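Asker: The residues making up each chain are set out below.
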Amino acid sequence: MLITSVKLYSQVKTEKEYEIFKDSVPKVAYDYVQSIRKKKKVKWYHEEGSDGTRLECKFKLGSFWHSIEFDSIGQFGDVEIQLKKYNETTISHPLDSLFEKWRILKCQLQLTNSQRALELLNNGMKNPESIAEPFNYEVELLGKKDNSIKVYEILLTSSRDMLFLREIQQNSNANLEF
Amino acid sequence: MRYIFFFILVFNSIVCNAQETQSGILPFINLSGQIQNELSFNVKIESRQFLYQDKALDYDYNLTDIGNVISYKFWNAIKLSMGYMLRIEGDNFEHRSIQQLTKTFSTNSFKVSWRLRTDQTFGASKPEYRIRARIALQKPFNGNELNNKEYYLKLTHEMLNDWKGRVHDLDLRLLGFVGYKLDDNQRLEFGVDTRFDKFINNELRSNIWGSIGYYVNID
Numbered sequence: 001m002l003i004t005s006v007k008l009y010s011q012v013k014t015e016k017e018y019e020i021f022k023d024s025v026p027k028v029a030y031d032y033v034q035s036i037r038k039k040k041k042v043k044w045y046h047e048e049g050s051d052g053t054r055l056e057c058k059f060k061l062g063s064f065w066h067s068i069e070f071d072s073i074g075q076f077g078d079v080e081i082q083l084k085k086y087n088e089t090t091i092s093h094p095l096d097s098l099f100e101k102w103r104i105l106k107c108q109l110q111l112t113n114s115q116r117a118l119e120l121l122n123n124g125m126k127n128p129e130s131i132a133e134p135f136n137y138e139v140e141l142l143g144k145k146d147n148s149i150k151v152y153e154i155l156l157t158s159s160r161d162m163l164f165l166r167e168i169q170q171n172s173n174a175n176l177e178f
Numbered sequence: 001m002r003y004i005f006f007f008i009l010v011f012n013s014i015v016c017n018a019q020e021t022q023s024g025i026l027p028f029i030n031l032s033g034q035i036q037n038e039l040s041f042n043v044k045i046e047s048r049q050f051l052y053q054d055k056a057l058d059y060d061y062n063l064t065d066i067g068n069v070i071s072y073k074f075w076n077a078i079k080l081s082m083g084y085m086l087r088i089e090g091d092n093f094e095h096r097s098i099q100q101l102t103k104t105f106s107t108n109s110f111k112v113s114w115r116l117r118t119d120q121t122f123g124a125s126k127p128e129y130r131i132r133a134r135i136a137l138q139k140p141f142n143g144n145e146l147n148n149k150e151y152y153l154k155l156t157h158e159m160l161n162d163w164k165g166r167v168h169d170l171d172l173r174l175l176g177f178v179g180y181k182l183d184d185n186q187r188l189e190f191g192v193d194t195r196f197d198k199f200i201n202n203e204l205r206s207n208i209w210g211s212i213g214y215y216v217n218i219d
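Top line first, the protein sequences correspond to chains Y and C. Heads up: the first sequence is residues 1 to 178, going by this note's numbering. Heads up: the second sequence is residues 1 to 219, going by this note's numbering.
It is worth saying that the hints were derived from the structure and are not from the lab. A few of these clues could be false.
If you want a taste of the chain C side facing chain Y, the calculated C-beta under 8 Å gives, among others [unchecked claim]:
1. 27
2. 30
3. 37
4. 42
5. 98
6. 99
7. 102
8. 215
So the derived list for chain Y, only partly shown, Cβ under 8 Å to chain C, looks like this [as the list claims (entries may be wrong)]:
9. 45
10. 63
11. 65
12. 69
13. 72
14. 73
15. 101
16. 172
17. 174
18. 178
Just so we're clear, the structure is a prediction, and the values are computed from it rather than from any experiment. In this text, a Cβ means the ideal position worked out from N, Cα and C, and glycines have one as well.
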C-alpha cells in the first residue's frame, strides 16, 4: 500500500480545458445527454490531460452540479455529481495515512456504469448523497506532507480502496493578491 | 458581458459627478516566487505618469513605487503578508509599511480573492494611515479553467479609508482588466484603473489610469 502511494504521489495533474459548441460533439455522446436533459441547456468542454483527451458536459440537475465525461469518440466515461454534504470520516482512513493534515475542498460521487447512471439521472436524483453503492469518491483536497501544503485529487472506491492520487498543479495568484 | 456592462454603468455615473479629473498611465512589473514551503515573496515596481490634468493634455512623470512583500500561507489558505514600499517622487522619498491578509478560492467557473490591508506612510508631510478592503474576481473568456495562451477578465473593487493628521478621506477603486496567460509563469494584463477620492468633503476627484502589467513567477 505504501509503495503504491509513493508511486501515485509523484503524478501531477495538468489539464487544458476549453468550451466547445455542441456541433463538435460526437452524436452518441450528444444523444446520451439529450436523453437526460431533453432540450435544456448544457455546456460542453474539451479537456486535454496527461491521461488523454476527453469531452465533458456540465449542467445543474436539481441543486447539484453534474458532469458527464466521454472519450474523444463519444463513448461514455463516467458521471460525477458534486456533493454538498459529505461525512469526512467516511474517507478519513486512507487520507490519514497519506497526509499529516488534510481538508476536503470538493467531493464528487462518480458513477462508471452508463446504464445505471442513466436510470438514476432520469429519476431526478433529488438526493445524490443517498445513492447506493457501488460508486467512487473523487475528492479534491488540501493536503500537508513534508511541511508542504498542496492540492491533490484522489479517487477512492466506495470500499475506500485508492485508485489514484495525484497533485493538481496550481497557478500563481499574484495577479489577484497584489 | 454582464460584468462589463455593470462596470461601465458604475464607472460612468461616478465620473460624471467628479469635480476634478486626472488621467495617465500606470505601467508595472510584478515578480513573485517561493522562498521556502509556505513562505513567498512579491516585488512590484510601478510608475505613475500623468497625461491629462487641469483640463488639459499634459505629460508629467509623477512617481515610482517599489514594493517588497513577504507572505506566509496558513493551513486554512489565508495568507499573511508584511512588506515595505518606497515611493520616489522627484527628490522626495516616502516609506510605507504594509500588512495584509488575503484568501483566494475557486468556484466552479471563476476565481475570487479578498484582501484586507493596512498601511502606514511616512515622508516629508504628515504620516498617513490607511485601511483598505478589496475583492477581485477572475473569469476566463473560454471555459471554466484558465489555460496557457488564453484571455481572461479581471474585475477588482476596493474601498479605502485614510487618515492624514486629522483629515479623514474615503477612496473607491474600480478596476477592469483583460489578462493573457502566456505560460505557467507569465501573464500580461491591461485595462482601466479608476480611483475616486475626496468623497468626505464633497469635492469628488477621479483618477483614470490606463494600466499595463507584466506578472512573472520564478518558482
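Asker: Please go over all the hints and tell whether each is borne out by the structure.
Answerer: Tested hints:
no., hint, in the structure
1, 27, "15 Å, violated"
2, 30, "6 Å, holds"
3, 37, "5 Å, holds"
4, 42, "5 Å, holds"
5, 98, "10 Å, violated"
6, 99, "14 Å, violated"
7, 102, "5 Å, holds"
8, 215, "5 Å, holds"
9, 45, "6 Å, holds"
10, 63, "13 Å, violated"
11, 65, "6 Å, holds"
12, 69, "15 Å, violated"
13, 72, "17 Å, violated"
14, 73, "21 Å, violated"
15, 101, "6 Å, holds"
16, 172, "4 Å, holds"
17, 174, "4 Å, holds"
18, 178, "5 Å, holds"
Comparing the model with each earlier hint shows violations of hints 1, 5, 6, 10, 12, 13 and 14; every other hint is respected.
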